[in-house]
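Model the full structure from these sequences, guided by the hints.
Protein chains: 2
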Amino acid sequence: MTMNDYIELIDQKLDEYMPIYYPQKIFKAMKYTVTLPGKRLRPVMCLETCRMFGGNYKDAIPTACAIEMLHSQTLIHDDLPCMDNDDYRRGKLTNHKVFGEAHAVLAGDALLTFAPQLILKHSKNLGAEKLIKILEEYFQAAGAYGVIAGQIVDIESEKLMQSFEFSGKIDIEKSELEKTLEYIHTHKTGDLFKLALRTGAIIADANEEQLNQITEFGQNLGVAFQIADDILDETSTFEQMGKTIGKDKAEGKLTYTSLYGLEKSKEELNKLIDRCFNILEKNNLKSEVFEQILNKIKAC
Amino acid sequence: MTMNDYIELIDQKLDEYMPIYYPQKIFKAMKYTVTLPGKRLRPVMCLETCRMFGGNYKDAIPTACAIEMLHSQTLIHDDLPCMDNDDYRRGKLTNHKVFGEAHAVLAGDALLTFAPQLILKHSKNLGAEKLIKILEEYFQAAGAYGVIAGQIVDIESEKLMQSFEFSGKIDIEKSELEKTLEYIHTHKTGDLFKLALRTGAIIADANEEQLNQITEFGQNLGVAFQIADDILDETSTFEQMGKTIGKDKAEGKLTYTSLYGLEKSKEELNKLIDRCFNILEKNNLKSEVFEQILNKIKAC
Numbered sequence: 001m002t003m004n005d006y007i008e009l010i011d012q013k014l015d016e017y018m019p020i021y022y023p024q025k026i027f028k029a030m031k032y033t034v035t036l037p038g039k040r041l042r043p044v045m046c047l048e049t050c051r052m053f054g055g056n057y058k059d060a061i062p063t064a065c066a067i068e069m070l071h072s073q074t075l076i077h078d079d080l081p082c083m084d085n086d087d088y089r090r091g092k093l094t095n096h097k098v099f100g101e102a103h104a105v106l107a108g109d110a111l112l113t114f115a116p117q118l119i120l121k122h123s124k125n126l127g128a129e130k131l132i133k134i135l136e137e138y139f140q141a142a143g144a145y146g147v148i149a150g151q152i153v154d155i156e157s158e159k160l161m162q163s164f165e166f167s168g169k170i171d172i173e174k175s176e177l178e179k180t181l182e183y184i185h186t187h188k189t190g191d192l193f194k195l196a197l198r199t200g201a202i203i204a205d206a207n208e209e210q211l212n213q214i215t216e217f218g219q220n221l222g223v224a225f226q227i228a229d230d231i232l233d234e235t236s237t238f239e240q241m242g243k244t245i246g247k248d249k250a251e252g253k254l255t256y257t258s259l260y261g262l263e264k265s266k267e268e269l270n271k272l273i274d275r276c277f278n279i280l281e282k283n284n285l286k287s288e289v290f291e292q293i294l295n296k297i298k299a300c
Numbered sequence: 001m002t003m004n005d006y007i008e009l010i011d012q013k014l015d016e017y018m019p020i021y022y023p024q025k026i027f028k029a030m031k032y033t034v035t036l037p038g039k040r041l042r043p044v045m046c047l048e049t050c051r052m053f054g055g056n057y058k059d060a061i062p063t064a065c066a067i068e069m070l071h072s073q074t075l076i077h078d079d080l081p082c083m084d085n086d087d088y089r090r091g092k093l094t095n096h097k098v099f100g101e102a103h104a105v106l107a108g109d110a111l112l113t114f115a116p117q118l119i120l121k122h123s124k125n126l127g128a129e130k131l132i133k134i135l136e137e138y139f140q141a142a143g144a145y146g147v148i149a150g151q152i153v154d155i156e157s158e159k160l161m162q163s164f165e166f167s168g169k170i171d172i173e174k175s176e177l178e179k180t181l182e183y184i185h186t187h188k189t190g191d192l193f194k195l196a197l198r199t200g201a202i203i204a205d206a207n208e209e210q211l212n213q214i215t216e217f218g219q220n221l222g223v224a225f226q227i228a229d230d231i232l233d234e235t236s237t238f239e240q241m242g243k244t245i246g247k248d249k250a251e252g253k254l255t256y257t258s259l260y261g262l263e264k265s266k267e268e269l270n271k272l273i274d275r276c277f278n279i280l281e282k283n284n285l286k287s288e289v290f291e292q293i294l295n296k297i298k299a300c
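First to last, the sequence lines map onto chains H and X. Position 136 of the first sequence, counted from 1, bears residue number 136 in our numbering, the numbering being contiguous throughout. Position 165 of the second sequence, counted from 1, bears residue number 165 in our numbering, the numbering being contiguous throughout.
If you're looking for bench data, these hints aren't it; they were derived computationally from the structure. Some hints could be false.
Quick look at which bits of chain H chain X covers, simulated, 3 or more residues with Cβ under 8 Å [to be verified]: (1) 19-26; (2) 112-124; (3) 138-149; (4) 198-212.
Facing chain X, according to a computed beta carbon distance under 8 Å, are these residues of chain H, among others [to be verified]: (5) Met30; (6) Cys82; (7) Val105; (8) Asp109; (9) Met161.
C-beta atoms are modelled at their ideal positions from N, C-alpha and C, and glycine is treated no differently.
Below, the structure is given as structure tokens:
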């Protein structure tokens, strides 16, 4: 399967898995953000990891789609007025702009349980033990130990950055900011990447050592992806990104580029991508799709 | 176990299951609403159903606590400014009033996956097959087919009521309002009640017939509870209820009392409670705790 084959399959399945039941407005709101055109990076990685470790990628389709739904859930709630207050996402109006705030909150809530329900419904063939393992990964990544921890520290980082800039660097050490930034990236972005990779590997019956390899890979890839996103937030346009650009900087958010500057950020990005290539090579993991993904992130 | 024994046990376990990790503010926000003093009706019903069908109530403790967390999640998000905009709950400030809106949204999100994660973590002894069954019930009740469907139709019912009152009853039939109200009660309240009862029964290895009995019981009890809540919203005080009173009426919400009046609502409540007693008697289900609950709701 090529990257495009995967994306086409995922788009088709996302549509199929989300019929519009009564009350229609909630199902429409859920489906709206999930089916906005996207790179489908997380589900593609899930399917490709399953294939790479000798599994049948078809077994991972419900899990891959569930992870895309979880990702959409984080976007819907992150865009809310009380959070990042964004009007555009993937070039279209954000969920609350189309359906109203109450419906956007509830659509996000609904996706958080719709996604694992989908796994249980469509992956019965994997057996109860494996389903439990997949759900454990899902809950760990989705909750207060995962993306939400990253989002909370991200929100609070605005204050940190301000005290760093205005306090004459006395109250707060740069090393603390660096640690905080690493924490945000690890959880806010890395945890969903790791979820996609680890569940793909679990479905393929990967052993503990292989799980560790792919987790290390995901850790590096997640941070690399976030650095690339921070760089693009400074260097690209609304048309290229489909969302408001330069907002992080304007709001004094803690980002890679704000802390290290553009050049050093690019260096770090290259280093992380090289490390990802090394992990694949060292463990004899062959994947054109992952090579494509790595090169694309590097060329941000 | 008496009602008070159960409540004490649940309060102790809720505290125990929710340590405060980093980032502290999210875990504190989650715990704040979950541990507000409450009647613990849903977890009590889960434990008592398990006992009533011959199971060990201790096996149901994690599931019972998870259901209380799910219930708290619905309260946190329902109270948000973009939903019911309530400042008080159980006599204390609502979550967003204490922690801010962003944290309240994220605390609710986190609880939605923290709760089933807790079941997986602390109920391993039930075996993978039974855990899957419990989670299927949880997802069905928590999501767009369950409480969220009820909440969505509840929000939209304000508009329905207005067109009923101002349109000279031409555009909309009273029977449509009645059906809508039944739908709201069935899902917004009934689905969590049914979740508590059905999971308690599943943990006790109840058979299909017993599951049907307890589901019918929960359906009637859920609607009875909501009617009682609507009555109390008209007849009680802030001090008695711990939340703002008379708001539903002021906002033109579709409630039992607004549609049928106080007297007919009380009649319907009595009928439903009698039906609940009959279901217990007919099936030889003996429970002082459920008798207490039924009598308390009847005497609202």
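Against the structure, the hints come out as follows:
With a cut-off of 8 Å between beta carbons, the stretch 19-26 of chain H has 5 residues touching chain X; three or more are needed, and the interface restraint holds. Here the stretch 112-124 of chain H counts 6 residues with a CB under 8 Å from a CB of chain X, which clears the bar of 3, and the coverage holds. Residues of the stretch 138-149 of chain H with a Cβ under 8 Å from some Cβ of chain X number 9, which satisfies the need for three, so the listed coverage holds. With 0 residues having a Cβ less than 8 Å from any Cβ of chain X, the stretch 198-212 of chain H misses the three-residue criterion, and the hint is violated.
For Met30/H, the interface hint holds, since its Cβ comes within 8 Å of a Cβ in chain X; the closest pair sits about 7 Å apart. Given the 8 Å rule on beta carbons, the hint for Cys82/H holds: about 4 Å separates it from the nearest Cβ of chain X. The beta carbon of Val105/H comes within 6 Å of a beta carbon in chain X, closer than 8 Å, and the hint placing it at the interface holds. For Asp109/H, the suggested interface contact is upheld, since its CB lies about 6 Å from the closest CB of chain X, less than 8 Å.
Annotation: Met161/H was flagged as interfacial toward chain X, and the flag is violated, the nearest CB pair being 16 Å apart, outside 8 Å.
Hint check: violations occur at hints 4, 9; the rest are consistent with the structure.
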